[in-house]
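Q: Chain B: place on chain A using the hints.
There are 2 protein chains.
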Amino acid sequence: ELVRLLNARERFCTASSCDGRVIVTDTDGTGIQKKNCTWLLVTHDPCVKSDVMTALEKATGDVVFKFEPFVLHVLCRELQDARLLHSVAIDSGFRNSGITVGRGGKITMAVRSTHCLEVPLSHKGRLMVSEEYIEFLVHVANQKMEENLRRIDRFHKGLELALEAAVPADTLFPEAPEKSHSVYVHRRKRRTAQEQANPSRELEPQDDTESSLDLFDEIMI
Amino acid sequence: ELVRLLNARERFCTASSCDGRVIVTDTDGTGIQKKNCTWLLVTHDPCVKSDVMTALEKATGDVVFKFEPFVLHVLCRELQDARLLHSVAIDSGFRNSGITVGRGGKITMAVRSTHCLEVPLSHKGRLMVSEEYIEFLVHVANQKMEENLRRIDRFHKGLELALEAAVPADTLFPEAPEKSHSVYVHRRKRRTAQEQANPSRELEPQDDTESSLDLFDEIMI
Chain A
160 ELVRLLNARE RFCTASSCDG RVIVTDTDGT GIQKKNCTWL LVTHDPCVKS DVMTALEKAT
220 GDVVFKFEPF VLHVLCRELQ DARLLHSVAI DSGFRNSGIT VGRGGKITMA VRSTHCLEVP
280 LSHKGRLMVS EEYIEFLVHV ANQKMEENLR RIDRFHKGLE LALEAAVPAD TLFPEAPEKS
340 HSVYVHRRKR RTAQEQANPS RELEPQDDTE SSLDLFDEIM I
Chain B
160 ELVRLLNARE RFCTASSCDG RVIVTDTDGT GIQKKNCTWL LVTHDPCVKS DVMTALEKAT
220 GDVVFKFEPF VLHVLCRELQ DARLLHSVAI DSGFRNSGIT VGRGGKITMA VRSTHCLEVP
280 LSHKGRLMVS EEYIEFLVHV ANQKMEENLR RIDRFHKGLE LALEAAVPAD TLFPEAPEKS
340 HSVYVHRRKR RTAQEQANPS RELEPQDDTE SSLDLFDEIM I
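These protein sequence lines map, in sequence, to chains A and B.
To get my numbering, take the position in the first sequence, counting from 1, and add 159.
To get my numbering, take the position in the second sequence, counting from 1, and add 159.
This is chain A alone, in the form it adopts within the complex (with noise of 0.2 angstroms):
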């Protein structure tokens, strides 16, 4: 649905997206190199315990047990719009999410979480964990999962919200000239259009609770 609301808008295509899952794999043991990685198991839903016993059963190698959070890219049209985003994405406890610019000029907004799990479970075909400690960790992955979608449920409202208040530039100046043959007119008339309907800007960041282990998020608003 939060793919669907940003396709509706001309101003934004998603490129990929993925809501967060588990993935058990399993690697060559040859240490950071991911060559001949064979996934074990992918999980989009809340993980239970015989789901990774029955993969490790699979594993001849160095087995990982991963929780990778929410993740979606959006291309924009125009650098103002993946700002848009990007607000909304922080402010929902998207903390990573970061805008790229492509060699061609092609605008991305990344949403990304600092929020994982990362953990070996087996070396060189040999479970090095309990029985109890894969419960438990299965456990802490579910939390996250839990936790992950009610970031997106704030990302998806914050969106509609942000959405709604701003009204694009072409609404407002249908009689823009073309891009490619006035670049300097269309920009600023943009701004002011932004400037007068855009109170997304004054959405209140709100409190994120993974405040106290990063040193750097102050400079990411």
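Hints in this document: simulated from the structure, not taken from any laboratory.
Heads up, a few of these hints could be off.
Put simply, identical chains are the same to the list, so a pair is met inside one copy or across any two.
[Unchecked claim] Below, computed lysine to aspartate or glutamate pairings styled on DMTMM-like, alpha-carbon distance capped at 20 angstroms: (1) Lys225 x Glu277; (2) Lys208 x Glu291; (3) Lys283 x Glu169; (4) Lys217 x Glu306; (5) Lys265 x Asp250; (6) Lys208 x Asp312.
A: Relative to chain A, chain B alone:
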């Protein structure tokens, strides 16, 4: 040295950085909330098992072992400057890097890696893993630390090349008018200067080692 390299340029100013570290934290076990979090261990050097064991003796809640890779935040004068840094960061393996444009127009480039560890070790004061597992974990963390240093080195070298190549617009156009009076003219001149003098666009992206685990990388360049 990397920080000095950037700060020697007028168009860059580093805001915060961490080379990479291992941390062991103790929380009150309420799950996601990182309130009442105690740091039991922080090291920027290779980790040793005995330090982790000593740290664990002080634990009363839920202990988590983390490897956090290199992070660097750089304030950039213009978007083009941030794009240059971003391009070098991605080519060096820092694939979660991104640009942030603040409410006041402040442009920050964040260098971030996907390369982490986050492992719950104890629950309500009770250790959930063996000493042998902690030894293994320390080994994995140290491997990641080494790879992290290789990436920092790659980033440093790539940055030296890119900065040498990118002759700043101010040097080419010392007579350029003040930005606030004539943004448009200044911008057009800058763009021309960049086109002539910025061969960093021609850097070959390196084949990153984590590609098989991330579906979203192709759009991050």
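Q: To test your reading of the hints: which numbers does this structure violate?
A: 3, 4, 6
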